[in-house]
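> Whenever a hint applies, use it, and build me the whole structure from the sequences.
Chain by chain, the residues run as shown.
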Amino acid sequence: MTRSQVLRDSAGVAVATGAYGISFGAIALAGGLDFWQTMALSLLMFTGGSQFGLVGVIAGGGAPIAGAATAIMLGARNALYGLRLSELLNVRGGKRLLTAQLVIDESTAMSIGRDSDRSARLGFYATGIGVFVCWNLGTAVGLVGASWLSDPSLLGLDAAAPAAFLALLAPRLRGREAWAVALAAAVVALIVVPLVPVGVPVLIAALVGVIAGLLPGRSAGRKDPADSAGPTEGGGVDRDGNDGGAVVDHRSDDGAADSRRRDGGELDGRAEPSGAS
Amino acid sequence: MSLWIAILAACLGCYLFKLAGLSVPRTLLERPKVQRISALLPVVLLSALVAVQTFSTGSALVLDARAAGLAVAGIAVWRRAPFLVVVALAALTTALVRMWVPGS
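Going down the list, the sequences are from chains A and B.
For the first sequence, the residue numbers in the working numbering are 425 to 701.
For the second sequence, the residue numbers in the working numbering are 1141 to 1244.
FYI, nobody ran anything at the bench for these hints, they're computed from the structure.
C-beta: ideal position from N, C-alpha, C; glycine also.
Do not take every clue at face value.
If we take Cβ atoms under 8 Å as the criterion, some of the chain A residues that face chain B in the derived model are [said to hold, decoys possible]:
{"no.": "1", "residue": "S474"}
{"no.": "2", "residue": "G477"}
{"no.": "3", "residue": "G491"}
{"no.": "4", "residue": "A495"}
{"no.": "5", "residue": "I496"}
{"no.": "6", "residue": "G499"}
{"no.": "7", "residue": "L504"}
{"no.": "8", "residue": "L509"}
{"no.": "9", "residue": "L512"}
{"no.": "10", "residue": "F589"}
{"no.": "11", "residue": "A609"}
{"no.": "12", "residue": "A613"}
{"no.": "13", "residue": "P618"}
{"no.": "14", "residue": "G637"}
Every beta carbon over 12 Å from chain B, so not counted as near; a handful from chain A, in silico [claimed, not checked]:
{"no.": "15", "residue": "S428"}
{"no.": "16", "residue": "D539"}
{"no.": "17", "residue": "D541"}
{"no.": "18", "residue": "I553"}
{"no.": "19", "residue": "S571"}
{"no.": "20", "residue": "R596"}
{"no.": "21", "residue": "V622"}
Just so you have them, the derived chain A footprint on chain B, three or more residues with Cβ under 8 Å [unchecked claim]:
{"no.": "22", "stretch": "1146-1157"}
{"no.": "23", "stretch": "1177-1188"}
{"no.": "24", "stretch": "1201-1209"}
{"no.": "25", "stretch": "1223-1236"}
Quick look at the structure:
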């Protein structure tokens, strides 16, 4: 893979993610955050699933601490990405501190699976920096756009966040176990809604994931090994011309392909089996 | 103010996870249970967020226009619509239902 191909793939992913950032900016403002709080999330947190998670809890009237806990748990997957990238990037000291901020779904996906270490490093940095720029620009555009609206709920923006979560969730629902765990979490969360403070039901639902993960008999290695081929299709999707805002690949029937892009990070479901194998 | 503190704390927490992956000995994070749980966490958190944000307001369970928005979003996701289309359709549907059914 040539240098320009890698850069072109990275640019495509960055632009698409920027379009997604627009919706984040709009949803965050509708959820009650102000301009700089929202920009702080995109600049400093810079991992979309966690950002949406925090905003979602706050928008629902939850305690800020519950929003923070949700965001941090959603961000745990980035540690797994870093683990896979550490040997490849081999960064130390101050450079490691800066590089760490770029460890997200997209940069990992566009890095692992390249045919050479050189392409992999280029894919990581080009995607990471490109997404950082576009994501923050998109957030700012969404903020400015949404601030023109007087009452966001008139436009149904309170339904936009759960729809975003659903789109993030869908690529992860592969196999009966994932469906079962997801449904159990939703039911448990709704059952406890009247019983505990706002924001806490989601944290209780997290226990469902921990318990399911601790149950014996189904190791991560059981998952379809073909999943580990996931990241390589990033280029393929790009060539499909699936650009601006197409966060879910709507074209390919290859299961791995549509899971690739979004920041909610379908990647971790698949980054993991190859790591375990 | 507490919102700012929560935002900055969450940013720090997310950053430390990113840094940990590049820094921590591989053996810890490569334990199968740790990997499995961290793969399942996004599934349960997102699923719970969808449910809670669609079917509750504060501490009350409610069924309102958002459910229609989510249903349309579900169809759009199933049809593999782009992310922004999914979000926009959900918002549009919810707004239209509210217009027809005041108070929903």
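> With 12 Å as the threshold, tell me whether S428 of chain A passes as away from chain B on beta-carbon distances.
Fine: 26 Å to the nearest Cβ keeps S428 of chain A off the interface.
> Verify the interface restraint on F589 of chain A: the C-beta must sit less than 8 Å from at least one C-beta of chain B.
Holds, because the Cβ-Cβ distance from F589 of chain A to chain B comes to roughly 5 Å (cut-off 8 Å).
> Hint A495 of chain A vs chain B: min CB-CB distance below 8 Å?
holds (4 Å)
> Answer holds if the nearest beta-carbon of chain B is closer than 8 Å to that of G491 of chain A; otherwise answer violated.
Since the shortest Cβ distance to chain B is 6 Å, the answer is holds.
> Was the hint right that G499 of chain A lines chain B, CB cutoff 8 Å?
Given a least distance of 4 Å, the restraint on G499 of chain A holds.
> Are G477 of chain A and chain B close enough, Cβ to Cβ, to be under 8 Å, as the hint says?
holds (6 Å)
> How does the stretch 1177-1188 of chain B fare against chain A when you require at least three residues with a CB closer than 8 Å, holds or violated?
holds (count 12)
> Taking the closest Cβ pair, is P618 of chain A under 8 Å from chain B?
With a closest approach of 5 Å, the P618 of chain A hint holds.
> Min Cβ distance, L512 of chain A to chain B: is it shorter than 8 Å?
violated (10 Å)
> When you look at the beta carbon of V622 of chain A, is every beta carbon of chain B farther off than 12 Å?
violated (6 Å)
> Holds or violated: the hint that I496 of chain A contacts chain B, with Cβ atoms closer than 8 Å.
Since the shortest Cβ distance to chain B is 4 Å, the answer is holds.
> Does the claim that D541 of chain A lies outside the interface with chain B hold up, using a Cβ gap greater than 12 Å?
holds (16 Å)
The structure does not agree with the numbered hints 9, 20 and 21 stated previously, though it agrees with the rest.
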